[in-house]
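With the sequences and hints as input, model every part of the structure.
Protein chains: 2
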Amino acid sequence: MTAQEIIDGVRAGTCRHIGRAISLAESGSADGRQVLAALHPATGRALRVGLTGPPGVGKSSLVSALVGLLRAAGQTVAVVSVDPSSPFTRGAVLGDRIRLAEHFVDPGVFIRSMATRGHLGGLSEATADAVLILDSAGFDVILVETVGAGQNEIEIQALTETVVLALMPGSGDSIQAIKAGLMEIPDVIVVNKADRPGADLLRAEIESALTLVPGGPWKPPIVETVAIEGRGTRELWETVTAHRAFLDTDGRLEARRRDGLARQLRQVALDRVARAIEAKVPPEALAQIVERVMAREIDPATAADQLTGPLRRESS
Amino acid sequence: MTAQEIIDGVRAGTCRHIGRAISLAESGSADGRQVLAALHPATGRALRVGLTGPPGVGKSSLVSALVGLLRAAGQTVAVVSVDPSSPFTRGAVLGDRIRLAEHFVDPGVFIRSMATRGHLGGLSEATADAVLILDSAGFDVILVETVGAGQNEIEIQALTETVVLALMPGSGDSIQAIKAGLMEIPDVIVVNKADRPGADLLRAEIESALTLVPGGPWKPPIVETVAIEGRGTRELWETVTAHRAFLDTDGRLEARRRDGLARQLRQVALDRVARAIEAKVPPEALAQIVERVMAREIDPATAADQLTGPLRRESS
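Residue numbers (my numbering), protein chains in the order written: chain A, 31 to 346; chain B, 31 to 346.
Simulated from the structure, these hints should not be mistaken for lab results. Where hints are given, some of them may not hold.
Copies of one chain are not kept apart here, so a pair can be met inside one copy or by any two copies together.
Stated by the list, open to error - Each computed DMTMM-like pair below joins lysine to aspartate or glutamate, with the alpha-carbon atoms no more than 20 Å apart:
1. Lys249 to Asp335
2. Lys310 to Asp278
3. Lys310 to Asp289
4. Lys249 to Asp225
5. Lys310 to Asp335
6. Lys249 to Asp278
7. Lys249 to Glu35
8. Lys249 to Glu265
9. Lys310 to Asp230
10. Lys249 to Glu268
11. Lys310 to Glu254
12. Lys249 to Glu214
13. Lys310 to Glu268
14. Lys310 to Asp170
15. Lys249 to Asp230
16. Lys310 to Asp38
17. Lys249 to Glu237
18. Lys310 to Glu327
19. Lys249 to Glu308
Pasting the structure below:
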């Protein structure tokens with residue numbers, strides 16, 4: 031399959047070509063670069079929505095319910111999962127797989143899990159590339175699912191225009207997410223498993239945490255769902271589209287995209303240089319420098335200079 | 031105060047000079063570099079112990095109890111805290127402050143909190159420098175306290191020779207720490223607040239998780255403590271020293287230090303280049319590149335090339 035065939039296939043929305051384009055982009059090859067550059071002008075049409083939250087709050091059930099809703103309304107949906115514990119990737123419990131099975135065979139749904147290859151860095155560029163490709167392929171909605179842990183949540187904000195934070199009652203991780211100052215990130219907050227004890231308490235904690243966030247014209251609404259039964263998920267989607275309508279006024283969407291792009295580029299640039307250093311310092315060179323520090327011939331700061339010397343001189 | 035005065039003061043173990051040396055190292059100035067290089071040959075004598083774990087498990091009470099124990103045994107202790115929520119830094123509850131107050135005025139105890147300046151990177155180099163200075167100043171024991179969150183825990187392993195992971199019963203974060211695969215990091219595991227319900231269950235979960243860790247000659251012992259009452263802390267310290275005795279055989283200590291140093295140097299090198307890029311790309315240059323991507327004149331990958339171009343060419 032040539033790069034041009036892949037480009038044409040993605041433009042035609044063929045799943046096989048889309049999958050191939052994402053793999054090619056991940057490989058970082060010249061063909062991959064060509065495909066991305068050719069597809070980029072056609073982006074910017076999809077509704078990009080991020081879904082994040084601690085493990086176990088039911089993100090995959092929420093995704094599944096939203097996909098069902100959107101398909102029923104005739105919209106096409108792509109799901110990009112960067113949650114290694116997600117059933118979209120691995121570790122699915124049987125119930126999840128059954129619920130998702132219908133979507134896996136629906137041609138109006140594309141599901142891609144991004145492998146965590148031990149390096150969050152490469153992953154963030156790969157995820158951005160996948161979103162670019164799916165956007166250019168004409169999907170109406172792109173859902174990006176990440177597991178909640180500081181860094182990921184900031185990256186999802188760079189890639190999507192509406193971020194949904196999912197929490198659940200009675201979870202220490204949910205309380206921790208609130209305490210960790212993540213309340214500045216979401217545009218919509220969903221309390222899933224809202225039929226469990228403690229939903230009111232969780233809502234109160236969220237509302238209290240939100241009072242500490244610098245107030246803007248948009249105050250993140252709190253939606254309660256029981257995703258596994260489809261309860262509240264329609265309201266959740268209506269809230270997401272309300273946020274989009276808000277962005278569509280006063281040039282906010284452009285500003286949001288501009289800001290997201292700046293974050294993304296900065297992150298990608300850092301990741302690339304990190305990989306360049308890793309490549310530049312082979313294990314034996316590092317071992318040699320370590321020995322000199324162990325022998326107290328040089329101190330750690332001087333050793334770090336030796337590792338980064340040429341790069342730093344160039345940049346100063 | 032000249033660099034030489036600071037160097038002499040640190041060698042003499044004067045707290046005022048030690049504090050000054052750490053600040054100077056943090057500033058990254060030529061004087062700071064000179065101080066570090068001069069002090070480095072005198073390092074390697076202190077027992078370096080890391081203490082990590084999720085927020086709220088009582089790390090500061092454990093540190094306080096261990097400091098009391100060690101002082102009673104005539105040993106000098108330095109505490110480096112990289113936990114922004116630690117009472118050693120800020121946000122102390124009154125009881126903590128009272129418990130710690132005695133240590134703050136004891137000349138055989140040095141307590142330093144590393145500020146999180148919004149960049150984990152710079153922090154890891156600053157922490158390594160502080161440990162170097164305190165080691166050269168002749169403290170018998172250096173305790174490095176970090177809040178548990180993946181990255182920090184790996185860094186603490188680079189800086190210390192014995193890592194203690196603190197958990198507590200009935201905490202979702204503790205369970206999460208176990209699930210997150212952090213069990214490969216600690217040399218000793220402490221179940222603090224062991225008088226609370228669920229201590230047996232937590233121990234069982236830890237033991238179960240430990241069976242999944244590749245077995246080596248050292249199996250992390252589990253110690254139960256109620257640090258606030260001083261219960262079990264003597265046994266905890268005996269377990270730490272048992273681990274050190276284990277390291278002292280078969281060249282394990284050297285191997286551990288060599289491995290830690292390699293991790294540390296790699297991390298410091300990456301952080302430095304990251305800062306170089308941040309410095310190299312002023313906001314207006316980034317904004318200009320972002321505009322070109324927004325206008326679809328260039329794609330994100332090409333934009334990232336423009337940000338990192340000279341650095342990458344140099345390193346390839």
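Hints the structure fails to honour: 1, 2, 4, 7, 9, 11, 13, 14, 16, 18, 19
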